[in-house]
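S.K.: Sequence:
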Amino acid sequence: MSRPSAAAASAPPPPLQGAALALGTLSLSLATFMNVLDSSIANVSIPAIAGDLGVSPGQGTWVITSFGVANAISVPLTGWLTQRFGAVRLFTWSVLLFVLASWLCGFAPTLEWLVAFRVMQGLVAGPMIPLSQTLLLASYPRAKAGTALALWGVTTLVAPVVGPLLGGWITDHIAWPWIFYINIPVGLFAAALTWGIYRHRETPVRRLPIDGIGLALLVTWVGALQLMLDKGKELDWFASPQIVLLAVVAGVSFAVFLVWELTDAHPVVDLRLFARRNFAFGALALSVAYGLFFGNVVLMPLWLQQWMGYTATAAGMALAPVGVFAILLSPLVGRKVAVWDPRRMATLAFVVFALVLWMRSQFTPQTDLAHVLLPTFIQGAAMAFFFIPLTTLTMSGIAPERVATAAGLSNFVRITAGAMGTSIATTLWDDRAAMHHAHLAEPLGTGHGALAQTLASLQAAGLSAEQALAQVNRLIDQQAYTRAADDIFLASSLLFLALIGLIWFTRRPPRLGAAPVDAGGAH
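Using the working numbering, you'd call the opening residue of the sequence shown number 144 and step up by one each time.
Watch out, some of these pointers could steer you wrong.
Straight-line C-alpha distance at most 16 Å; calculated EDC-like pairs for lysine to aspartate or glutamate [as the list claims (entries may be wrong)]:
#1 Lys376 - Asp574
#2 Lys376 - Glu609
#3 Lys374 - Asp573
Hints in this document: simulated from the structure, not taken from any laboratory.
Here the structure is a predicted model, which is why all the values come from computation and not from measurement.
Required output: the full structure, derived from the provided sequences and hints.
M.R.: Below, the structure is given as structure tokens:
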């Protein structure tokens, strides 16, 4: 394919229409769905993978960690790679290489090979999500950019819900390698369809020099940070010399990275985007909120499975209804985001998130399924009003040639915040549970009162003294971990309300007639 000329760059192709628009949307959505699905589908399969490969479940978590680290490193490189190779070519090759990496993951004979292939999968997956945003926006008229974002948002909302359900079913009924093999037909179809529709709409390319020092610093600080976040809880955080070392490496290399990227003529990551008011505050609000959201998304199934007696499938089913309102309302939000003030829409989302988390903060060990489902249903409405308006605010006014760079950088900050939210939520959960356990156990004495009566009843039922004490301790733990979860839900609710202020530091984008991003300009 010949390189697009300057004239082509200044006169981008018109939006797609009819069947081409529908098929283009389908291909990009499928690739995005496959990518997001793969980041969560392996979570429930770790015990099976670890057993088959002869390692401990703790070692098996490297299957998740390796993907996350590699993905976090490659996402912010999207802008530079797009300028170097072109958006359509880069996206298509990313999907094809993702398929190859998925196939290799399924065939991996040892944990070391599986981790290596997951690193490959994470690296090539990085550009897929921001470029799917960019290409989708370029497919629609300017006035319908909100609709494009809505269609894109549905796939990113549904995939994390489907992932654990599908992964659990495949692992239980077929075999764990098939959680990777299912990507092959989907990815090949998406790549072929994307190339067939978009190959004549390639973005202009520039032979930029490689910022080797910036790239090395990026890999160092992101890798160290992600490893610290993933292994911190397991190694007791800063009581571990390994975690302290990772924190120092991450902090120092990040500081040097900032200075280098802001002064280099051709930075690998365009940090100057943060000088834009809407991008800075929009990305900050989106990322912190996503960190809160994702931390609670991880916490809920853990609490349901460990302390409420739910199976992995049952916990997935209890959380699946979150997609109902998200899917139904996203098209409405997409149509109205260029008419209504997206700052008001995002504010509504944060208020609803706060309400949902407050409702969850009232959970007890006696909470039934109906009371678990209600806030989950409501949360779907918040999700619909969350991603699209905040993405609109963040990307507002970005020059066409910087769209892919901005999308990659904002997604990178969001993914990093999600990892931090997960680590903070699970660590605080354990710490608060230990505190509540101590408070609950303190007034109990083994020789009298309710504890003595309970132990006597359990021993009369056939338990030994040790078994009876273990049963009582389990009940105390159930209360302690439930109260700890309630604490995190309530704190998250208050933080969502506090975050509303960040939204209003952004400027309102132009009304209908100017989309949040110059949709055609991406080409």
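S.K.: All the hints need checking, so say for each whether the structure fits it.
M.R.: Outcome of the hint check:
| no. | hint | result |
| --- | --- | --- |
| 1 | Lys376 - Asp574 | holds, 10 Å |
| 2 | Lys376 - Glu609 | violated, 29 Å |
| 3 | Lys374 - Asp573 | holds, 15 Å |
When the structure is compared with the earlier hints, a violation turns up for hint 2 alone.
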